[in-house]
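Undergrad: Please model the entire structure based on the sequences and the hints provided.
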Amino acid sequence: MGLVLLLANLFLLLLLLLLHLLIARASSLVTETSHVACSSLHQGDDQQRLFNESAGLHLTLHRRHGLDTPLPLLSDILARDEARVRSLNARLTSKRVINTTAASSKLNHLRASSVSLPLNPGESIGTGNYYVKIGLGTPTKYYAVLVDTGSSFTWLQCQPCTIYCHRQVGPTFDPSASKTHRFMSCSTPECAGLEAATLNAPSCSNSNVCIYAASYGDSSFSVGYLSKDTLTLSPSQTLPGFVYGCGQDNEGLFGQAAGLIGLARNKLSMLSQLSTKYGYAFSYCLPTAASTGSLSIGGSFDPSIYKFTPMLTDSRDTTLYFLRLTSITVAGRLLAVPATAYRTSTIIDSGTVITRLPSTVYASLKDAFLKATSRYQRAPAYSILDTCFKGKVTSVPEVRLIFQGGAELKLEPWNVVLDLNNGVTCLAFAGNSGSNGITIIGNHQQESFRVAYDVSNSRIGFAAGGCG
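Residues -26 to -1, 1 to 442 (mature numbering (1 follows the signal peptide of the UniProt record, and there is no 0)) are what the sequence shown spells out, left to right.
No wet-lab data here; the hints were simulated from the structure. One or more hints might be untrue.
Here are the simulated BS3-like cross-link-like pairs (lysine-lysine), alpha carbons at most 30 angstroms apart as the crow flies [unchecked claim]: (1) K153 / K202; (2) K202 / K251; (3) K251 / K281; (4) K153 / K281; (5) K202 / K281.
TA: Right under this line is the structure:
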């Protein structure tokens, strides 16, 4: 215990030293009137491909890191995934106990001292989710940022990285090089709205710059200055005065991404800020490792292609996207569970990798899957995946997730299992060990489906057919 206290005190002393640098920097920043992002991630084919159609704005979406990866990395991805699930569970408890210790400690010290975008697999930036490239500043520079439907705040790493910036692909954004960058004061409505968007109350520097702290369930966090600048989605599609965080201390499991864009239901989310121009809706197709997906902002959704289910709201967290899972079939047969087993909340989330089910539902799914694959030899569990087989499972039983109103995800074999590259195949579902037993529809089960979030009309839609 004494050693823990000693280490904690040493950590606090270090933060205080770093704080002097951060506050000094904040004082000079408010006097600066010109600020664009550093050079593009890559030229040529790395420049984002964006189409402006009547149906909305389309951006290429990349996969952050494929699940067909070496085992040590897959193990890391699954461990991070479990941490995210614990965070989502906590957000739906009455006490809302969220692991914000690291970010809050930095914030406390600061307070005391004062469209369709290409959606890409994430192999190239070392992480299990998806990223797009957005432009920021004047002149415009492009950055790879993670896409997260489970958070509401957008931030990028910013020079001078007063405390810490993780390694990223390409240069770090330099606000002093952008003619349109401005820091935002503590008296702005956007500063007042930070707590709802980041789950942490804002603070204020001695020079009246608003300080945000965005924290995540795996102890990752970003702390920095609330800012606004011109967001560019194509040479002809820009949003002046886009509100985001200019991160000065960014630590955790972000891979080599430059930052993160939040698409949850909050007025500070990128979706909300773009809604007056494109409408309050978006859709995506999450690509497999061998394909390219897209993120579309705005547009309409053809009912002959999409099947819809109501988008629900939970008073415990009004920003997340809820829907109602009503049944699951394996090989054409309903799971042998009562309807009451599906009454827990269901979240659809781009940042969770493996779908989690309430314990009783998962146990029934596992039993049904094992019966359908009885000819395959079992293998030991791997991380959170407890239903594994030696060799490839060449005959995967059909699994359907059925939602209120009849919308469904008829999963492809690659949505149902994972090949671990060591001669082992595992069922790509897990039980949720949280006390509230919520269901979370993860991104592995969403791959190659078009998923529509029609917020204006409170509905979520699914369309099969791949990302092409």
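Undergrad: Does K281 sit within 30 angstroms of K202, going by the straight-line distance between their CA atoms?
TA: The given pair, whose Cα atoms are some 38 angstroms apart, is violated under the 30 angstroms limit.
Undergrad: Taken at face value, is the distance from the CA of K251 to the CA of K202 at most 30 angstroms?
TA: Distance of about 17 angstroms is within 30 angstroms: holds.
Undergrad: Verify the proposed pairing of K251 with K281, using a straight-line Cα cut of 30 angstroms.
TA: The hint holds at about 26 angstroms.
Undergrad: Is the straight-line distance between the alpha-carbon of K153 and that of K281 30 angstroms or less?
TA: violated, 45 angstroms
Undergrad: Is the Cα-Cα distance between K153 and K202 30 angstroms or less?
TA: Measuring from Cα to Cα gives roughly 11 angstroms; hence the hint holds.
Consistency note: the structure conflicts with the earlier hints numbered 4 and 5.
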